[in-house]
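Input sequences plus hints: build the corresponding full structure.
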Amino acid sequence: MTGNEAIALGAYEGGVNVGTAYPGTPSTEILENLSRYPGVDCNWSANEKTALEEAIGASIEGARVLAAMKHVGVNVAADPLMTLSYTGVGGGLVLISADDPGMHSSQNEQDNRHYARFAKIPLLEPSDSEEARDYVIAGLAISERFDTPVMLRTTTRISHSRSTLVPGKRKEHQVSGFKKNPAKYVMLPGFARLRHPIVEKRLIALREETEKSPLNRIEPGSSKLGVLCSGVVYQYAREALPDATFLKLGFSHPLPTALVSKLAAMVEEIIVIEELDPFFEEQLLAMQLKVPVRGKDLFGPLGEISTEMIREKVAGKKPKLIETGLEIPGRPPVMCPGCSHRGVFYILKKLKLNVMGDIGCYTLGALKPLEAIDSCICMGASVGTALGMARANRDAARKTVAVIGDSTFLHSGITPLMDAVYNRSPMTLMILDNGITAMTGHQQHPGTGSNLRGEPAAAVNLETLCRSLGVKRVSVVDAFDLEQVKERVKTELEADETSVIIARRPCIFLLTSFDEPLYVDNDLCTGCKVCIGLGCPAISFKDEKAVINKTICTACGLCEQLCRFEAIKFPVGKEGETSE
Amino acid sequence: MKQVNKTDILIAGVGGQGTILTGRVIAALAIDEGLDVKTAETHGMAQRGGSVITHVRIGEKVYSPLIPEGDGDILLSFEKMEALRWLPFLSPLGTVIVNTQELEPLPVLTGQAEYTSGILVEIEQKVKRLIAVDALSIEPVSSNPRMVNTFLLGILAHIMPFEKEKWLTVMEQEIKAKLVAINQQSFEAGWQFARQ
Chain Y
1 MTGNEAIALG AYEGGVNVGT AYPGTPSTEI LENLSRYPGV DCNWSANEKT
51 ALEEAIGASI EGARVLAAMK HVGVNVAADP LMTLSYTGVG GGLVLISADD
101 PGMHSSQNEQ DNRHYARFAK IPLLEPSDSE EARDYVIAGL AISERFDTPV
151 MLRTTTRISH SRSTLVPGKR KEHQVSGFKK NPAKYVMLPG FARLRHPIVE
201 KRLIALREET EKSPLNRIEP GSSKLGVLCS GVVYQYAREA LPDATFLKLG
251 FSHPLPTALV SKLAAMVEEI IVIEELDPFF EEQLLAMQLK VPVRGKDLFG
301 PLGEISTEMI REKVAGKKPK LIETGLEIPG RPPVMCPGCS HRGVFYILKK
351 LKLNVMGDIG CYTLGALKPL EAIDSCICMG ASVGTALGMA RANRDAARKT
401 VAVIGDSTFL HSGITPLMDA VYNRSPMTLM ILDNGITAMT GHQQHPGTGS
451 NLRGEPAAAV NLETLCRSLG VKRVSVVDAF DLEQVKERVK TELEADETSV
501 IIARRPCIFL LTSFDEPLYV DNDLCTGCKV CIGLGCPAIS FKDEKAVINK
551 TICTACGLCE QLCRFEAIKF PVGKEGETSE
Chain H
1 MKQVNKTDIL IAGVGGQGTI LTGRVIAALA IDEGLDVKTA ETHGMAQRGG
51 SVITHVRIGE KVYSPLIPEG DGDILLSFEK MEALRWLPFL SPLGTVIVNT
101 QELEPLPVLT GQAEYTSGIL VEIEQKVKRL IAVDALSIEP VSSNPRMVNT
151 FLLGILAHIM PFEKEKWLTV MEQEIKAKLV AINQQSFEAG WQFARQ
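Quick note, the sequences are listed as chains Y and H, same order.
Once you know that position 231 of the first sequence is 231 in the working numbering, the rest is easy, because the numbers rise by one and skip nothing.
Once you know that position 52 of the second sequence is 52 in the working numbering, the rest is easy, because the numbers rise by one and skip nothing.
Please keep in mind that the hints were generated in silico from the structure rather than gathered at the bench.
Treat the hints with caution; some may be incorrect.
To be verified - No more than 30 Å apart at the CA atoms, straight line, and that leaves these computed lysine-lysine pairs for DSBU-like: (1) H/Lys-126 <-> H/Lys-6; (2) Y/Lys-490 <-> Y/Lys-569; (3) H/Lys-61 <-> H/Lys-166; (4) H/Lys-166 <-> Y/Lys-320; (5) H/Lys-6 <-> Y/Lys-317; (6) H/Lys-80 <-> Y/Lys-320; (7) Y/Lys-120 <-> Y/Lys-179; (8) H/Lys-166 <-> H/Lys-6; (9) Y/Lys-352 <-> Y/Lys-472; (10) Y/Lys-201 <-> Y/Lys-184; (11) H/Lys-61 <-> Y/Lys-318; (12) H/Lys-166 <-> H/Lys-80; (13) H/Lys-80 <-> Y/Lys-368; (14) H/Lys-61 <-> Y/Lys-317; (15) H/Lys-128 <-> Y/Lys-317; (16) Y/Lys-224 <-> H/Lys-176; (17) H/Lys-126 <-> Y/Lys-550; (18) Y/Lys-212 <-> Y/Lys-169; (19) Y/Lys-262 <-> Y/Lys-290; (20) Y/Lys-550 <-> H/Lys-176; (21) H/Lys-126 <-> Y/Lys-320; (22) Y/Lys-318 <-> H/Lys-6; (23) Y/Lys-212 <-> H/Lys-61; (24) H/Lys-6 <-> Y/Lys-313; (25) Y/Lys-317 <-> Y/Lys-349; (26) Y/Lys-542 <-> H/Lys-80; (27) H/Lys-80 <-> Y/Lys-529; (28) Y/Lys-212 <-> Y/Lys-201; (29) Y/Lys-224 <-> H/Lys-61; (30) Y/Lys-313 <-> H/Lys-176.
As structure tokens, then:
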């Protein structure tokens with residue numbers, strides 16, 4: 001099973017009662033899988049901060065709990081995390097941080113091992129699926145024994161790789177109930193001052209534990225080279241350097257310094273192999289070992305490490321690879337045919353606006369040929385950055401829109417919109433409401449009316465929500481109606497107060513049937529290529545004419561609206577009818 | 001450097017073509033045969049019509065889930081140009097099994113680039129063995145293009161050491177019940193193609 005499936009299994013076997021998360025690649029499948037086991041309360045939270053806070057509450061109530069998020073999600077949850085370190089837990093609490101070295105599907109590649117050190121909490125790093133399962137169970141025990149949250153860090157290659165394991169049985173955990181303890185749970189300065197020394201003492205006790213933990217081990221080999229590593233890098237290094245002596249860290253913070261010294265006594269040189277930052281290497285250098293320590297001078301701080309990189313940098317072996325002189329065009333990800341975002345970005349580009357973007361499928365609107373997004377920072381940042389531009393230059397609001405998806409808006413777009421109203425800003429926000437969390441694989445959210453298990457749930461009404469924040473100009477447009485979108489955007493940019501335009505159409509993945517595909521009348525097509533500018537994978541250009549791929553066209557009708565020569569047509573009798 | 005008794009299989013394609021499912025079937029069978037297996041998959045952003053790759057590594061003991069460049073034994077590609085893109089991961093002694101279908105990426109659709117020509121000739125010169133097939137011209141793939149993956153799996157299965165019956169059984173476990181029959185039919189068609 002995958003690392004994410006194994007983490008869910010570990011939580012189940014370890015008696016976890018409550019699972020919390022907000023979707024984010026590569027962490028999403030953890031809660032999805034955990035929700036399929038009986039006896040575990042799982043649901044999506046609005047964002048990672050609320051997910052961790054709900055996890056804290058469940059833990060204080062005496063439940064065992066797992067909170068899962070991607071690396072940048074931990075930034076959102078960092079506020080409760082830092083103080084959770086002081087309060088400690090009730091039932092065991094494991095926080096999954098799914099990092100993304102190489103940025104397969106992320107806006108940065110921050111190294112979240114620093115969070116464990118920052119918060120002074122234990123860090124576990126599994127190197128395959130079996131360890132992922134085992135470490136969740138071990139993490140719950142460490143959490144309860146040392147009264148601390150535990151961070152378990154995966155990377156994409158752990159979360160989305162499969163390896164074998166034998167499932168075990170669940171150990172049920174009874175929720176013991178909340179016991180009032182203000183000195184532990186009420187972090188007033190007076191109480192917090194009493195908790196900080198406990199955190200420091202806990203760190204010393206944890207270091208003693210890492211020295212003897214079965215999660216850390218020395219694998220003896222040649223005395224020439226000692227390798228220190230953790231996570232999936234262990235697998236790369238083990239394959240590339242079969243003869244070396246290894247210190248494999250699974251319980252990697254606090255660093256087991258006595259084990260490191262033991263490794264140093266066994267070898268002539270230590271090479272630390274770690275992705276991203278020199279997290280271990282700097283700690284080893286601070287130890288002033290008697291043998292040379294190398295690492296980042298060989299591997300650098302960028303992206304992923306691989307078996308072949310280690311072979312080349314350490315063993316000096318570089319195989320001759322197959323080379324081809326042929327040009328290979330790239331195959332970037334694209335918005336799907338029938339995507340509800342395409343037409344909106346086409347209009348925003350035509351209007352030559354500055355577009356403050358956000359995180360989701362619609363970030364693809366930054367790529368050719370639409371190239372309609374001018375910034376993308378983090379979840380919810382579209383609203384705040386557009387507001388900031390308008391504050392710096394009130395005229396900027398006349399040519400700037402913020403663009404955010406429905407799930408991202410509920411995650412962290414509401415508070416900056418409140419700022420906009422409060423600041424009397426003339427900014428314009430477009431909520432691209434496709435009724436789902438699309439990019440991560442179509443998860444439900446508080447606006448969809450359905451929960452993680454597919455059961456009916458309350459649904460936030462975006463129009464009512466925006467109005468209740470004080471936005472007077474709230475309008476809804478059909479995301480497939482280009483003229484309507486254009487006119488509404490122009491109108492709202494002129495308005496001298498905060499406005500919200502909700503551009504609505506369901507994600508194409510939510511629909512099961514489509515109208516008949518459109519076709520090109522070759523006699524009328526002049527080859528002007530205007531339709532090509534939509535960047536729709538269903539439209540290509542052959543022999544100076546546009547061609548519609550019937551097998552993937554979903555009859556959204558955008559190209560038909562754009563064609564000035566009426567060359568693109570709905571099948572007879574279907575004109576203007578688009579599927580809802 | 002290469003570990004013995006090991007088969008490294010790369011499955012290349014375009015997001016949505018079923019590389020993950022194909023990898024899962026191969027892995028499940030190898031596990032049933034008592035071998036160690038690891039796979040690595042592409043999720044997230046690249047799935048939106050991007051280039052995707054699944055690594056499957058089978059052996060007595062497998063460490064890395066990723067196949068090092070130049071080490072691959074078999075490259076199974078559901079699209080022609082993707083076979084060329086991932087070729088450097090294959091050993092020159094490796095085998096390429098490719099569906100000759102051309103799926104044009106956006107830069108080609110919009111006229112910014114041209115679909116590479118001469119791909120099959122190039123691959124044939126660089127590797128030990130090339131099996132190229134237009135899966136869409138053969139039933140049941142021609143009437144159900146989503147069956148490309150299991151058709152190519154049938155070809156792969158023919159050069160793997162496991163029995164055909166075991167492949168069919170494992171497909172029953174790994175594929176949604178209502179789609180098992182059509183996928184097995186497609187697998188059978190691929191198997192028969194490889195026999196000729």
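Hint by hint, here is what the structure shows:
no. : hint                    : in the structure
1   : H/Lys-126 <-> H/Lys-6   : 22 Å, holds
2   : Y/Lys-490 <-> Y/Lys-569 : 28 Å, holds
3   : H/Lys-61 <-> H/Lys-166  : 22 Å, holds
4   : H/Lys-166 <-> Y/Lys-320 : 37 Å, violated
5   : H/Lys-6 <-> Y/Lys-317   : 20 Å, holds
6   : H/Lys-80 <-> Y/Lys-320  : 23 Å, holds
7   : Y/Lys-120 <-> Y/Lys-179 : 25 Å, holds
8   : H/Lys-166 <-> H/Lys-6   : 20 Å, holds
9   : Y/Lys-352 <-> Y/Lys-472 : 26 Å, holds
10  : Y/Lys-201 <-> Y/Lys-184 : 15 Å, holds
11  : H/Lys-61 <-> Y/Lys-318  : 23 Å, holds
12  : H/Lys-166 <-> H/Lys-80  : 29 Å, holds
13  : H/Lys-80 <-> Y/Lys-368  : 23 Å, holds
14  : H/Lys-61 <-> Y/Lys-317  : 22 Å, holds
15  : H/Lys-128 <-> Y/Lys-317 : 23 Å, holds
16  : Y/Lys-224 <-> H/Lys-176 : 52 Å, violated
17  : H/Lys-126 <-> Y/Lys-550 : 36 Å, violated
18  : Y/Lys-212 <-> Y/Lys-169 : 26 Å, holds
19  : Y/Lys-262 <-> Y/Lys-290 : 11 Å, holds
20  : Y/Lys-550 <-> H/Lys-176 : 27 Å, holds
21  : H/Lys-126 <-> Y/Lys-320 : 12 Å, holds
22  : Y/Lys-318 <-> H/Lys-6   : 20 Å, holds
23  : Y/Lys-212 <-> H/Lys-61  : 27 Å, holds
24  : H/Lys-6 <-> Y/Lys-313   : 24 Å, holds
25  : Y/Lys-317 <-> Y/Lys-349 : 50 Å, violated
26  : Y/Lys-542 <-> H/Lys-80  : 19 Å, holds
27  : H/Lys-80 <-> Y/Lys-529  : 27 Å, holds
28  : Y/Lys-212 <-> Y/Lys-201 : 18 Å, holds
29  : Y/Lys-224 <-> H/Lys-61  : 25 Å, holds
30  : Y/Lys-313 <-> H/Lys-176 : 45 Å, violated
Consistency note: the structure conflicts with the earlier hints numbered 4, 16, 17, 25 and 30.
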